[in-house]
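J.: Letter by letter, the chains look like this.
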Amino acid sequence: MKKLQKADYIKMYSFMLKIRRFEERAAQLYGMGKIGGFCHLYIGQEAVVVGILMTIDKNDSVVTTYRDHGHMIARGLDPKRIMAELTGREDGYSAGKGGSMHMFSKENNFYGGHGIVGAQVPIGTGIAFTHKYNGEKNICRTYIGDGAMNNGQVFEAFNLAALWKLPVLYIIENNKYGMGTSVDRAAAGLDLYKRGEAFGIPGEKVDGMNVFSVIEAADKAGKYVREGNGPYIIEVQTYRYRGHSMSDPAKYRTKEELDNYKQTDPIEIVKAEILKKKIATNDEIEKINKDTLEEIKNAAEFATNSPFPKDSELYTDVYL
Amino acid sequence: MPALSPTMTEGNLSKWLIKKGDTVKAGDLIAEIETDKATMEVEAVDEGVVLDLLFKEGEANIPVNKVIAIIGDPNEKVEVKKEAPVEKVIEEKKIEKNIETKIETKKDNIIDTPSPKIEKDTNLSSEEITMRQALRDTMAEEMRKDNKVFILGEEVAEYQGAYKVTQGLLQEFGKQRVLDTPISEHGFTGLAVGAAFKGLRPILEFMTFNFSMQAIDQIINSAAKTLYMSGGQINCPIVFRGPNGAAAQVAAQHSQDFSSWYSQVPGLKVIAPSTPYNAKGLLRSAISDPNPVIFLENEILYGLKGPVNNDINFSIPIGKANIEKEGKDLTIVTYSIMLQKSKEAALRLKEEYDLDIEIIDLQTLRPLDTETILNSVKKTNRLITVEESWPFGSVGSEIANIVQRDAFDYLDSPVIKVNSADVPMPYALSLEKLYLPQVDDIINAAKKVSYIK
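Residue numbers (the numbering used here), protein chains in the order written: chain A, 1 to 320; chain B, 1 to 453.
There's no promise every hint is true.
Claimed, not checked - Taking lysine to aspartate or glutamate and the EDC-like style, the derived pairs with C-alpha atoms no more than 16 Å apart in a straight line are:
id: 1; chain 1: A; residue 1: 165; chain 2: B; residue 2: 43
id: 2; chain 1: B; residue 1: 56; chain 2: B; residue 2: 28
id: 3; chain 1: A; residue 1: 3; chain 2: A; residue 2: 136
id: 4; chain 1: A; residue 1: 2; chain 2: A; residue 2: 219
id: 5; chain 1: B; residue 1: 56; chain 2: B; residue 2: 73
id: 6; chain 1: B; residue 1: 148; chain 2: A; residue 2: 136
As the list claims (entries may be wrong) - Here chain B is said to cover these stretches of chain A; the calculated rule only asks that three of the stretch's residues, wherever they fall, bring their Cβ under 8 Å from a Cβ of chain B:
id: 7; segment: 49-62
id: 8; segment: 86-100
It is worth saying that the hints were derived from the structure and are not from the lab. The beta-carbon is built from N, C-alpha and C at its ideal position, and this holds for glycine as well.
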């Protein structure tokens, strides 16, 4: 893989931080009643999507689960419009009709944001089918939660992807819990990356708290898929600091477990590396911190001032 | 002539694998028979010498149960009851066997009295083709026009379609565009929906719509809702098609009608053709439509023949009902296979009770052409709906609601719905007949709304 440049380190740090600050602000707005419904935060998992981002081609497609805010930010989408979708306003990416779980940006090849566990997996496989059908060299990155790995359609999709050699990279974000049920209480066999073996799909397990490990694995896997070898599975071991959604107090796990993961905080790892390699000074990092906080504050401001969708919008976008 | 499929009423003798004088054992192959679905080999079940072959190779439309060969002991004086008794058996079978027989026998009525709209079509073909040919031709025409159109489903390619609807498509378009899928509805439906999000135009064949229940989450939660959830960004130009409703004696799990299920969902369009003519025009509209379309065919109608419009741009707009027959006394609103039964009922109602029936063939169930229905009711003042689905919350229920709301003062009697029985479909022939709406049920409903004792 190509050597990471100084700018890459800064980019990684900035994106991860932006996701963290965004989610914290979203939690605050939720608490204030500005965001409703379900709201699933990505705090703790930032290295996964940002690591993948570093190996991405802008014409590649992405599809993910309902824990999608961080994915959109990593895709380079505007935090203002993401937040405006969370607040259900007309400037949101789905014009206020999708909400936190259902956000899309076709022009950026971001195909959601899917609220049904597992449903995005055949869909991502179909997007990959289209890349191949059209003779494009692009791939579709399809994210899967650990909970979905016990869902039948996932294996139907694996079978089809392997059978038709589709350019799809499956990324299992294993954050240890499907809602409140830990993986070992849900999955018979804890090596989720091996679940493609029967279909001949190679897989590997990666430390998802460390962005550098993610980049290395994603780079290798991405090349494999792009070269027409068919699908590939990366299982990224990660952890969400917050509950499943805003309404989850996460009583099913211990404080020690959480604190333990916080010791390997993905953002701190990058920061330490930047300082060690003298890529930026402490002051420069502080400036990034301040700018990020400001950007997200503005996003929240924008999202709470954007108008609600017009009543007449109720009946639009049902049919094209 | 053996019955080799649930809907087979006659077969073509493709090839004899034996000749007169041959000795055959049980299990030996004796002939190749072409059914409504495929060409199949037939085995002997008894031992003996081939005494006679009663049909030549290539002879077509031999009714099920007709004696085609005689195998016996040449030394024994076999009394061969050739024609008369056999015919009798066939007659009995024909009456009871299945609905297709009935439709075949009434076909002349259908073709002799095309709807006013079809009669006016100056482009009407002189040749009559089957519904399955009409569907196949339309898919092929659209695939020639647009490289983004492709078809996937179980047995659509090498097998040539479980009901031969995709016959020849693999040969013309290749395996990149005609894809056999594993038996994996949930997976391949999601895949096709993803492909449509990304800009392709899949035609997805369900071997039957019964199996669409395996995939219904992807149809409703993904295909139907994403345009709305994405604020208008991501549309899903896909056609889900295949046979819907009862075939013949395939029992509860393979005989379900999904018309009202799918018609309930905003974001879907739902079409149910009844003739080769409208199948062609409607399927073209479905494939060209930028939205997900549920296209409900009927297995028993696949063999129905009729004229079509062969213009490769001929289409029938989605959302427009067809006044199949004009009348002044009573309106029957129906769709799909029940159109044929309604027409049969209308003939008898005219003959026996001098009732002049107006028949509306919905063609599209969603969006529903309420204007045509209301205008008709305002003229006839009486309405019955006829459909194969279960009664609770059926398409007819919604029509009854609309009519009582918007044409209450025009009604001279309550609206009556004719549906299938409110039970799972039974297997037994006798019960199956009771389950499905029959011509007599329609006649009884018509009498009731006309206050005829």
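J.: For every hint, state whether the structure bears it out.
T.: Structure-based check of each hint:
no., hint, verdict
1, A:165 to B:43, "violated, 41 Å"
2, B:56 to B:28, "violated, 19 Å"
3, A:3 to A:136, "violated, 26 Å"
4, A:2 to A:219, "holds, 9 Å"
5, B:56 to B:73, "violated, 22 Å"
6, B:148 to A:136, "holds, 14 Å"
7, 49-62, "violated (count 1)"
8, 86-100, "holds (count 7)"
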